[in-house]
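For reference, the chains in residue letters:
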Amino acid sequence: MADEALASTGVTLRPAGAQDAVAGVRPRWVALPESTEEVAALLRVAAERDLAVVPVGGGTKLDWGPPPERCDLLVDLCCLSEVVEHVAGDLVLRVQAGITLETLRDRLAIAGQELALDVPVPGTTVGGLLATALAGPRRFRYGTARDLLIGITVVLADGTVARSGGKVVKNVAGYDLGKLFTGSYGTLGVITEANFRLHPLPPERRWVTAEYGTDVRRGRELRREFPVDPGPLLQELAASQAEPTAIELDWADSGDVYTLSVLVEGAAAEERAEAVRAIMTGAELGDKPPAWWGRLPEHVTLAEIRVPPGVAGQAVREVAGADLPGRRLRGSAGAGVFHLGLRDGAGVTGIRARLAPLGGRVTVLAGPDGGADRWGPIGALGLMRRVKERFDPDRRMSPGRFAGGI
Amino acid sequence: MIATLAQRLKAVLPDQAVITDPVRLRTYECDGLTYHRATPGVVVLPESAEEIAAVVRLCQEFQVPFVARGSGTGLSGGALPRSDGVLIVTSRMRRILDIDLPNRRAVVEPGVTNLAITEAVRDAGYYYAPDPSSQQICSIGGNVAENSGGAHCLKYGFTVNHVLALELVTPDGDIVELTELDDGYDLLGAFIGSEGTLGIATKITVRLSRAPETVTTLLAAFATIEGGGTAVSSIIGAGIVPAAIEMMDALAIEAAEAAVRCEYPAGAGAVLIVELDGPTAEVARQFAAVERICREAGSFEIRVAASAEERAAIWRGRKSAFAAVGRISPAYIVQDGVVPRTALPEVLAGIDRLQEEFGIRVANVFHAGDGNLHPLVLFDDAEPGQGERAETVSGRILDLCIEHGGSITGEHGVGVDKSRYMPRMFTDDDLATMQLVRCAFDPGYLSNPGKIFPTPRLCGEVPRVRKGPHPHEAELF
Amino acid sequence: MDAELIKDCVHCGFCLPTCPTYVLWGEEMDSPRGRIHLMDQHVQGTPLTPEMAGHFDACLGCMACVTACPSGVRYDRLIELTRAEVEREHVRQPQERAIRGIVFALFPYPRRLRLLKLPIRLGSRMKTFLTRVHPSLGAMAELTPPPARRVRLPRRVAARGPHRATVGLLTGCVQGEFFPGVNTATARVLAMEGCDVVIPKDQGCCGALSLHSGYDGRKFAKRVIAAFERAGVDTVVVNAAGCGAAMKEYAELLADEPEWAARAAAFKVRDLAEFLVELGPVAKRHPLELTVAYHDACHLAHAQGVRAQPRELLRGIPGLSIREVAESSICCGSAGTYNLFQPEPARELGDRKAARVRDTGADLLVSANPGCTLQITAAMRRAGEQPIPVAHTAQVLDASLLGRRVVA
Ligand SMILES: Cc1cc2nc3c(=O)[nH]c(=O)nc-3n(C[C@H](O)[C@H](O)[C@H](O)COP(=O)(O)OP(=O)(O)OC[C@H]3O[C@@H](n4cnc5c(N)ncnc54)[C@H](O)[C@@H]3O)c2cc1C
Ligand code: SF4
Ligand code: SF4
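Protein chains in written order, with our numbering: chain A, 1 to 406; chain B, 1 to 477; chain C, 1 to 408.
One chain only, chain A, in its complex shape (with noise of 0.2 Å):
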C-alpha cells in the first residue's frame, strides 16, 4: 500500500484536507520532510508507487497556475526551515527552502545583512520565491533570486539528491542547475536547500514618491486618457547617477492618478534622494514606502506583464488604453515588470495583442485566465520539454503544472 509504503520512510504524514487542494485539485497525502534526506525517501517511494508529487512552500501560490493533471502527495516543506549556515564575513548563506523570506529578513538583520530580495506575497518560502521567480521592487538593482542563488540542493523525481554550485560568490563549475530550477514551477523536483549571497543592510533608506494626473477634461466630458507618457521620466530615472535601486508605479483603474515611488538606500541615500526628486516634479521624500510598495495588486486573475524597460512608459499606455474594468497595475517600471490585478480573465488576450508589438510578454499568474493561453507563447518550450523528459520522464513532479503541458 502506498500508505505504508509513504509512513515507512518515518516522515510525519497526514491525509489532505480541502484547504490542500493545489489549483482545485485535493492530493491523498500530506507529508511533512523534516530534511533532504526525509524528501528523498518520500520521492524514491512515490517513483515506487507512480505518485504524482507537488512540493508546497508557504503555500500562498498554490492556487497559482494551472491545476496538476494529478496530485497524490503534497511534500510541504514548512518543516524545512533552517538557516543551515550564515557566515557574515563571507556574506554568504546556506538556508533550507522552507523557511520563509521574513523570518530570514529578521535572522539577517541582526548581523546588519540582508537578503536583497523582496517578499511580494507575505508567508512566501524561499523554495516557492525560487520556483515561481517572483521579484518585487529591488529587482531594478539587484536581478531577482537567479542572480543572487549561488548553490543548490535538489531532489529529483526518482529521489536522486544534487547539488550544484557551492557556497562561495564565484563559481562556474560544472553546470548552473541552480538557473534551471529557478521558474520550474516543481515540476522538474524538489528545492531543498538554497545558498544565496548576502548584500550589507543599506544604512538608510528613502522613498521619493509623486503622483500624476492622467485624465483630461473635454469640455464636459471626463475622459479617461494617458496624456502623459511616463516614458522619458522613467527613462531618466534609470539612468540618474543617483543610483535608485527600484522605481515603482501604481495605478489603480479608478483613480485619476497614478504613483512613482522611487527608492534609493544605502550611503548618502538623502543627498541622492533629493537629486531624485529634482527630476520628479512635485514629488515628497521620506523614510518610509508608500502602503502599496512591494504588494502584488488585488485581484481575482493576476497577470505579470513583462517587457523592455525602454518601452515601460508605452506600456503603461497600452493598459491605460485597454478596456479592463477595475484593474490594477503595478510593479517595476525601471525594470519593466508589472504586475496587472483583473476582475476576471476576459482581459489577458487582448492585453497581450497590444503588448506583443512592443516585445512585451503577458503571463497570467493566477485566477482564471478567461480562455487565455496562461503562459503565451515561448521560444524555447520545446528545449524545456526535453530537459523535463530528462529530469521527469514520468511526468509526476506537478504535472501540468507549466506551460505546454510540462
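For the record, the hints were derived by calculation from the structure and aren't laboratory data.
Owing to the predicted nature of the structure, the values given are computational and were not obtained by experimental measurement.
A few chain C residues facing chain B, derived, Cβ under 10 Å:
1) 11
2) 25
3) 28
4) 68
Every residue gets a Cβ at the ideal spot worked out from N, C-alpha and C, and that includes glycine.
Using the hints, position chains B and C with the ligands against chain A.
Just chains B and C with the ligands now, kept in the frame of chain A:
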C-alpha cells in the same frame, strides 16, 4: 571521413572559410592554455547563425564532434579542438548589430570582443560591466560560455547577470532564442557557463550599465599579505561593497613591474587595489572609511588616482599580471580557485607551505573581495621534473580550496584541464544530474565533448513516458 | 630563428585586436600569435610552405603587437629574422619577384627615385591599366605623391637665439624626395629651438625598407653611421618614423660586427617629437586656430613607443585642438613597402583608416610619416571625396613658431 566532411562544408560555406591546410590548422591547436594541444580536423570560419547551423547539421550527419572557439584566450582548454572534429571559430562574427540605449542593451555577434561593446557606448555614458582582464580580446561568445567574471564582478556580478537574451544553434542544428523575458526554466542562465557543451551562441543581447558618477581608485601597499587581508575583511565588515578589491603579492608585483613598469610602492609585500564607484556622495563617504581601514591595517603607502590616466596606471599592473609572469619565469600555470573570503588567510598559508615543500614558486594575484584566487605556479620546463611538481602544487591548491568549502574554478571554467577535479567537488549524483541537462540539449554528445565532465556518459534514449496506473488503482498494490 | 624568443609568447592573444590583418580577416594564422605559432612550427621542423610564407608576407610589420604584448615578446626581431629566412628559403612566383626587384632597386636610392618621379607620375594616369597587369603596380601609381620642387638644404643651419644643442638631421630618401617641405620645416624648428643642425650630404638611405622586408640592410646602415660620424654629431634627429625605427636598431642589426655595433651605439637617435620634448620648448608658439586629427604612425607609436610626445607638442600650440582617431593603434596599411606588395589588404586598411579619420571632423591630418598620409589621402580620393589636408608634426610646429599658416 573528415576529408569528405570538409568537401561538404565547402558546399555550405565560402571556400576561404574552410581551413584544411595542415600548417594553418595547427595554429588552432590550443587556446590560452598551451599545455593541451590537438590539431583540429577542420576549421571553419562562419559568418552567420545559419552557416553555423549548417555546419552543426553536417556534424550530426557525419556524427563528428564540434568545438566552438572565440578568441582562444580560455585558460582551461575549453576550446581545445578535436582532431576528429570541426572547430567552429566565431572570429569573423564581430558585428555589433544594435545599440539600444533606451532599453539599455546591445545586440552583438559572438565574436565581438568584450571591450568593443564598452567602446561603442562609452561616449553615451554607458558600459558593459563584466570586465575580464582579457577584455580587449576575449569574445562575448567565450564570455557566455565561461560565465566570465572580472575585477568588478564583486559589485556587479558576472556574465550571467548581464546577458538578457541569446540566440543559439542547438547541437541538433536548430536556431533557438532564449530570453530572460520567458517564463519557465531559466535555460538562459543554465546555458551561460556551459562551456560550449550545450550549443553555440550566435547572437547575444547584453545589458548596458550606466557609467557611475564617480570612480575612485586607491592603491594601498602593505608590508605583508596578512595586512592586506585584514584590510579586506574590515572593508567588507564595514558594510561596503567596493566595485573591486584586488590583491597582488610580492612576486606578482615583481612580474608586473618587469612587464609594464607599473611603479607600485617599493618594498611592498602586497598591494591592494580598491575601487569604489557610484554616486559621488556615496563614494566620498565610503572612500574615507576605506582609507582609514587601510591605514589601520598597516598600509605604509596609499595612492589615490586623481585622473583616468592614473587609474589606468594603477590597473595596468594588475591587468597584465598573468601574461607578465612570463617575464620572471619561463613557464607557469594560472590557477583559478575560490575560497570563502574568511578562509583566505588559511589557504594562503597553505599555499606557502606547498611552495616550500615542492620548491616551486607561486605568485598570487586575486580578487580578494570574492575569494577568487589566481595563484600563478611558476616553473622552468627545461628543468626535468619541475613541470610535474608545478602540476602537483597546482592540484594541491585546488584541494585546499575544496577543503575550505570553495570551488575549483571561479571564472576560467573547467574545460579539459579541470574535469578530473570535478568528482572531488561533486558527487556522482550531482554530476549525473548535470548530465541530464547535457542529454536534453545534446543527446548525441557531439558539442564540445570531453570538457567539464570527467567521463563521458551515454545519454540513452529518452525513457519512454511510463503511463502509470491511475492514482486510485495504485492503492490496490 | 630564435626558439627562445618564440617561447616568450604565452599565447594570451592580447596582441590580436591591434593586428591589422587579424582585424581584416579574423584568422589565427594572420595574427601575431598565429604567426609566432607558425614560426614555432618552422623551428620545430615544418618546412616553410608557400601558405606559411604567405602569412609572413601579409604581416605589415606595424609592430602594434609589440606595444600590446604584456609578455614583452620581441615580435620585431622575430619577424625580421623570419623574413630573412623567407627570402632565403622561399621561392616566389616570377611576377612577384619582378615587383619586389623593382621596389628594392628603386626606393632606397634617392637619385634613382628622383629620375623616376616623372615616369611614375605619368603612370598614375595609366593606373587602371597597371592594376590589371599587377595590383602592385596600380598601388604604386596611386600612392605616388605629386612632384615636389626639389629643395636643397644647406649643410648646416645655425641655431637662433642661445645655442642649446647640436644635432644631425636624417633627411631620408622618400621624405627627402617627395616631401622636401618636411625637412625644411624640421630644420627650421630645430634651429628656432636653439639647435645647430648638421645635414650631411652623403647620408643616403637608412636601410629601413630593406630591413623591414627581410633584405640585408647592413650596408645602408654603415653608410649612414659613417656619414654622421664625419659630420661630428652624437645625436641624430629623424623625422620619418620608419627611418627612426630602423636607425634605433642599428646596433642590434650589426651585432655580428662588434666594431660597427659599437659605432652605432655611440649615436643617440631621436625622433623629432621625442627630441623636442626632451629638450623642452623655448621658442614662442603663435596661435593656430585648427582642429587636427593626429595619426599614430606605426613606426613611431609602436616601433619607437613615441605616442605622447607629438600630442604634447601639438597641445602646446595655442588655439589648436586635437581629435583622437578611433582605432588609433591599427595600421593604415601603408607600412613601408606593404602597400606595394600586398595592395588589397593595404587598400582595405587604408579605407578603414580614412573612414575613422573622416569621423573626427578635423581640418587637418597630422602624422609623422609621409607614407601614412599618402595612404590615407589616396583612400579618400578613391572614395571620391576631397582628401583631408595633411601635414607633418614638424610643419605644424614650424607654422606656429613662424606665426604663419600651415603649408603642407
Ligand atoms: C591573460 C588572460 C587573462 C584572463 N583574465 C580573465 C578574467 O579576468 N576573468 C575571466 O573570467 N577570464 C579571464 N581569462 C580567460 C578567458 O579570457 C575567458 O574565459 C574568456 O571568456 C574566453 O573567451 P574567448 O573568446 O577567448 O573564448 P575561447 O577561449 O575561444 O573559448 C572558451 C570556451 O568558450 C566556448 N565558446 C567560445 N565561443 C562560443 C560560442 N559562441 N558559443 C558557445 N561556446 C563558445 C569554447 O568552446 C570554449 O569552451 C583570461 C585569459 C587570459 C589569457
Ligand atoms: S607587426 Fe603588425 S601586422 Fe605584423 S603581426 Fe604584428 S600587429 Fe600584425
Ligand atoms: S600578446 Fe604577446 S604573449 Fe600574448 S599572444 Fe601576443 S605575442 Fe604572445
